[in-house]
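Enquirer: Assemble the whole structure, with the sequences as input and the hints as a guide.
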Amino acid sequence: MNALVIDKLQLAPQTIDLDTVRQYSHLHELEDELSYEKARPTILIGQDNWHLIVSREVVQKNRDQPAASYTKLGWVLHGRENGIARPVHVINYIAREPSAEDEIDSQLTRKRYAEPAPEAPASPRTWYLPHFAVVHPQKGKIRLVFDAAARTAGRSLNDALLPEPDLLQSLFGVLLRFREGRVAVVADIREMFLQVKIREEDRDSLRFLWRKMRTKSPRIKGWASNEPDALVATESLRREQKALSIGDHTERTLGLIWKTKNDTLSFSLNLRNCPREVIQGYRPPTKREVTSAVMSVFDPIGFAAPITVLGKMLIQNIWRDRNDWDHELSKERDKEWREWLSHLKKLDKLEIPRCVTPYHTEGELHVFTDASEKAYSAAVYWLEKNQKPPHVALVAAKAR
Numbered sequence: 001m002n003a004l005v006i007d008k009l010q011l012a013p014q015t016i017d018l019d020t021v022r023q024y025s026h027l028h029e030l031e032d033e034l035s036y037e038k039a040r041p042t043i044l045i046g047q048d049n050w051h052l053i054v055s056r057e058v059v060q061k062n063r064d065q066p067a068a069s070y071t072k073l074g075w076v077l078h079g080r081e082n083g084i085a086r087p088v089h090v091i092n093y094i095a096r097e098p099s100a101e102d103e104i105d106s107q108l109t110r111k112r113y114a115e116p117a118p119e120a121p122a123s124p125r126t127w128y129l130p131h132f133a134v135v136h137p138q139k140g141k142i143r144l145v146f147d148a149a150a151r152t153a154g155r156s157l158n159d160a161l162l163p164e165p166d167l168l169q170s171l172f173g174v175l176l177r178f179r180e181g182r183v184a185v186v187a188d189i190r191e192m193f194l195q196v197k198i199r200e201e202d203r204d205s206l207r208f209l210w211r212k213m214r215t216k217s218p219r220i221k222g223w224a225s226n227e228p229d230a231l232v233a234t235e236s237l238r239r240e241q242k243a244l245s246i247g248d249h250t251e252r253t254l255g256l257i258w259k260t261k262n263d264t265l266s267f268s269l270n271l272r273n274c275p276r277e278v279i280q281g282y283r284p285p286t287k288r289e290v291t292s293a294v295m296s297v298f299d300p301i302g303f304a305a306p307i308t309v310l311g312k313m314l315i316q317n318i319w320r321d322r323n324d325w326d327h328e329l330s331k332e333r334d335k336e337w338r339e340w341l342s343h344l345k346k347l348d349k350l351e352i353p354r355c356v357t358p359y360h361t362e363g364e365l366h367v368f369t370d371a372s373e374k375a376y377s378a379a380v381y382w383l384e385k386n387q388k389p390p391h392v393a394l395v396a397a398k399a400r
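Here my numbering is used: the sequence shown runs in plain steps of one and ends on residue 400.
None of these hints come from the bench; they were simulated from the model.
A portion of the hints provided could be inaccurate.
Unchecked claim - Derived pair list, reagent style EDC-like, types lysine to aspartate or glutamate, alpha-carbon separation capped at 16 Å: (1) K259 x D348; (2) K312 x D299; (3) K72 x E33; (4) K385 x E364; (5) K259 x E227; (6) K287 x D321; (7) K287 x E328; (8) K287 x E332; (9) K385 x E362; (10) K72 x D48; (11) K287 x D324; (12) K287 x E336; (13) K388 x E362; (14) K349 x D299; (15) K398 x D370; (16) K398 x D299; (17) K72 x E57; (18) K331 x D321; (19) K61 x E29; (20) K312 x D334; (21) K261 x E351.
Expert: In structure tokens:
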């Protein structure tokens with residue numbers, strides 16, 4: 001059996017309460033085998049090692065109750081545990097983090113985003129959503145995630161929902177409009193998804209278990225602008241002193257970094273999934289690691305197209321070599337990787353003016369295209385000839 005080792009699996013601890021297992025008479029003899037508290041996964045087993053996870057014995061009763069199967073690695077519990085176990089994880093998290101209790105209660109109950117379920121008999125469309133707590137790594141904010149894809153008896157809530165029309169705005173279009181005017185302002189709607197109202201007849205399908213219950217209009221927060229007067233002019237923002245202090249303030253705007261003082265857009269590279277010894281050149285990367293690094297560059301407008309296309313060409317060459325996913329690259333490909341990585345690291349210093357049309361005068365769009373056997377590309381520029389010197393700005397680019 002082959003195994004890959006990493007320093008730490010970033011997986012949440014899991015708990016199956018002894019009292020929960022004891023509710024089912026057919027599992028009484030296995031209660032010590034099946035219950036555990038705050039056990040953190042330490043190994044992931046793929047289907048290629050099926051001989052370790054295939055069932056040798058099954059203890060079951062009704063399809064609506066949990067079942068236990070015996071494998072080479074011991075007993076495994078299956079079944080309708082999601083709706084109970086995951087709320088227990090959330091409550092355990094609250095117990096460990098007292099500040100989390102007030103924040104989650106505030107989101108769900110004091111603001112009336114949730115209400116107690118009626119005591120009347122449940123409707124045929126009743127569904128209990130599993131949920132778990134997530135902490136945003138940059139904001140430190142706690143939020144609940146409701147898992148509509150979790151399956152019980154082979155079905156999930158998502159299976160019963162009609163596919164909705166795609167009403168999302170194009171990210172590319174949003175970024176282009178963001179770059180049009182001389183003054184830009186960004187903000188978030190506080191807890192937007194929690195404030196989407198659900199029809200009363202549909203609410204039983206969105207039930208979840210919670211320990212207790214303790215209204216506001218939508219609030220817009222996190223304001224930022226390259227023009228301080230645009231913030232001061234908003235009366236409700238006078239109390240948000242932090243937002244009014246622009247200075248060297250930077251904002252994450254749709255995946256890019258917006259430096260409001262200079263009014264420029266830049267990149268924040270995220271190579272944390274690439275091993276340190278690979279980044280520092282102590283060993284060649286594998287095909288998997290190169291692919292992960294190349295795909296981690298988020299560049300919706302194409303500012304980094306000359307660099308990202310080189311990464312895609314490197315992936316093409318690696319595929320032609322017929323390397324396995326976890327096989328280290330040859331010396332030739334490792335040299336190409338190091339050269340590309342040196343270019344990539346320079347993106348941290350790249351700054352592109354946010355505003356394409358700062359003068360709001362008549363201008364022209366110029367489109368350039370090129371192609372070769374290895375790649376093809378296009379770039380669009382905005383030209384204002386009436387300025388002295390003429391103003392030119394990159395609007396967008398694409399390379400493949």
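Enquirer: State for each hint whether it applies.
Expert: So, going through the hints one by one against the coordinates:
1. Annotation: proposed proximity of K259 to D348 holds, straight-line Cα distance about 13 Å (limit 16 Å).
2. About 13 Å separates the Cα atoms of K312 and D299, which keeps this hinted pair within 16 Å; it holds.
3. Annotation: proposed proximity of K72 to E33 holds, straight-line Cα distance about 14 Å (limit 16 Å).
4. Of the pairs offered as hints, the one joining K385 and E364 holds, with about 8 Å between alpha carbons and a cut-off of 16 Å not exceeded.
5. Between the alpha carbons of K259 and E227 the distance comes to roughly 12 Å, so the proposed pair stays at or under 16 Å and holds.
6. Only pairs whose Cα atoms come within 16 Å are accepted, and K287 paired with D321 is accepted, the gap being roughly 10 Å.
7. Straight-line distance between C-alpha atoms of K287 and E328 comes to about 7 Å, which keeps the hinted pair within the 16 Å bound.
8. For a cut-off of 16 Å, the pair hint linking K287 to E332 stands: about 14 Å separates their Cα positions.
9. A distance of roughly 8 Å separates the Cα atoms of K385 and E362; the hinted pair therefore holds under the 16 Å criterion.
10. Restraint check: the Cα-Cα separation between K72 and D48 comes to about 15 Å, which is no more than 16 Å; the hinted pair holds.
11. Straight-line distance between C-alpha atoms of K287 and D324 comes to about 7 Å, which keeps the hinted pair within the 16 Å bound.
12. In summary, the hint linking K287 to E336 is supported, as the alpha carbons are separated by about 13 Å, within the 16 Å threshold.
13. About 14 Å separates the Cα atoms of K388 and E362, which keeps this hinted pair within 16 Å; it holds.
14. This hinted pair checks out: K349 and D299 have alpha carbons roughly 15 Å apart, not beyond 16 Å.
15. Between K398 and D370, the direct Cα distance comes to roughly 11 Å. Compliance with the 16 Å bound is thereby established for this hinted pair.
16. A threshold of 16 Å between alpha carbons decides the hint, and for K398 with D299 the separation of about 10 Å falls inside it, so the pair holds.
17. At roughly 10 Å between alpha-carbon atoms, K72 and E57 fall within 16 Å of each other, so this suggested pair holds.
18. For the hint linking K331 to D321, the alpha-carbon distance of about 12 Å falls within 16 Å, and the restraint holds.
19. Between the alpha carbons of K61 and E29 the distance comes to roughly 14 Å, so the proposed pair stays at or under 16 Å and holds.
20. Taken as a hint, the K312 and D334 pair is honoured in the structure, with Cα atoms around 15 Å apart against an allowance of 16 Å.
21. Distance hint between K261 and E351 is fulfilled; the C-alpha atoms sit about 12 Å from each other, no more than 16 Å.
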